[in-house]
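J.: Listed below are the residues making up each chain.
Protein chains: 2
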Amino acid sequence: MTPMRKRTHTVMTTVIVATLLAVAIAARTRQDASISFPDSYRTWAHVKSVVVGPTSAAFATEGGIHHIYANPSAVDGYRTGKFPDGAIIVYDLLETKEAAGNLLEGAPRRLDVMIKDRRRFAANEGWGFASFKGGERTGGDLSPERQRKCLDCHAKRRDHDYVQSAFRD
Amino acid sequence: MTPMRKRTHTVMTTVIVATLLAVAIAARTRQDASISFPDSYRTWAHVKSVVVGPTSAAFATEGGIHHIYANPSAVDGYRTGKFPDGAIIVYDLLETKEAAGNLLEGAPRRLDVMIKDRRRFAANEGWGFASFKGGERTGGDLSPERQRKCLDCHAKRRDHDYVQSAFRD
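Same order as they appear, the protein sequences are chains A and B.
Under this note's numbering, the letters of the first sequence match residues 18 to 186, in that order.
Under this note's numbering, the letters of the second sequence match residues 18 to 186, in that order.
No lab work stands behind these hints: they were computed from the structure.
One or more of the hints may lead you astray.
Repeated chains share a single entry, so a pair holds when one copy, or any two copies, can fit it.
[Unchecked claim] Straight-line C-alpha distance at most 25 Å; calculated DMTMM-like pairs for lysine to aspartate or glutamate:
(1) Lys166 x Glu115
(2) Lys150 x Glu115
(3) Lys23 x Asp93
(4) Lys23 x Asp178
(5) Lys65 x Glu115
With the sequences and hints as input, model every part of the structure.
T.: See below:
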């Protein structure tokens, strides 16, 4: 190998290694920030429910009945006001249907998740947010900007560790 | 002791022993059939919810929002259609209040319990029933006749082990 070829080879090797490293770090970061569907949430504690009716200002996006669920770590958080890492809260929004004067639960409309992990979501006060379309169990990840918007709205309850709801006793 | 006194003594002893036995058996039976308030039900799985409105035929007694909760054994029952001993289901009826177009949970109205125990409630197809007035945690016991009436109404779901509700997935 000539000195010229040797330098070219070294440069190429460096570029390849650097590229592979960058790809690996990006993949790790993506995986690290991804929030999977909380498969077991239907056996978690039920925090509270609200029916958002047609005259509510929030009807367009939140109309229906929503239930809030908390995993055991989040139940501790509701009791102490500080949510430990691993706490997960689900906002489960369903359509409603009327039958003989009763309002029944209908099709799933949207399922939002907030999860506490001070390392993974350090840039967002420790809270990661995801949002799954009605009935879907994948594709819930939100961009950092969208997650920041979630947090901004939750910031009115900064005194309650950014969790808006209270556990109905 | 004369023979007369001896006989009297024997009769008295027998009466006392029999009375004590009867009292003990009655107490045991009462205790055995008593259903205590399910203290931990707010962390159990949430089966489903219904809002019973003013135009519903059931409004007088069931008006409001009710949530149904199941302990882990009852969750198994919902999945298999057969409820094991120890399964407990709670029907939690709350008043509702309106605020800015939203229907919120209000004060507790009544809390009904059904519990599966094929030995204790053998006379009632294995199901014991209790009903606690709004916010009260004692005084939920019902007479055998009242419990039979509960079961009679639940009998329309005999194919589902007398449980009327289905677990919302």
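J.: Of the hints given before, which are not true for this structure?
T.: Result: hints 1, 3, 4 break, sorted rising.
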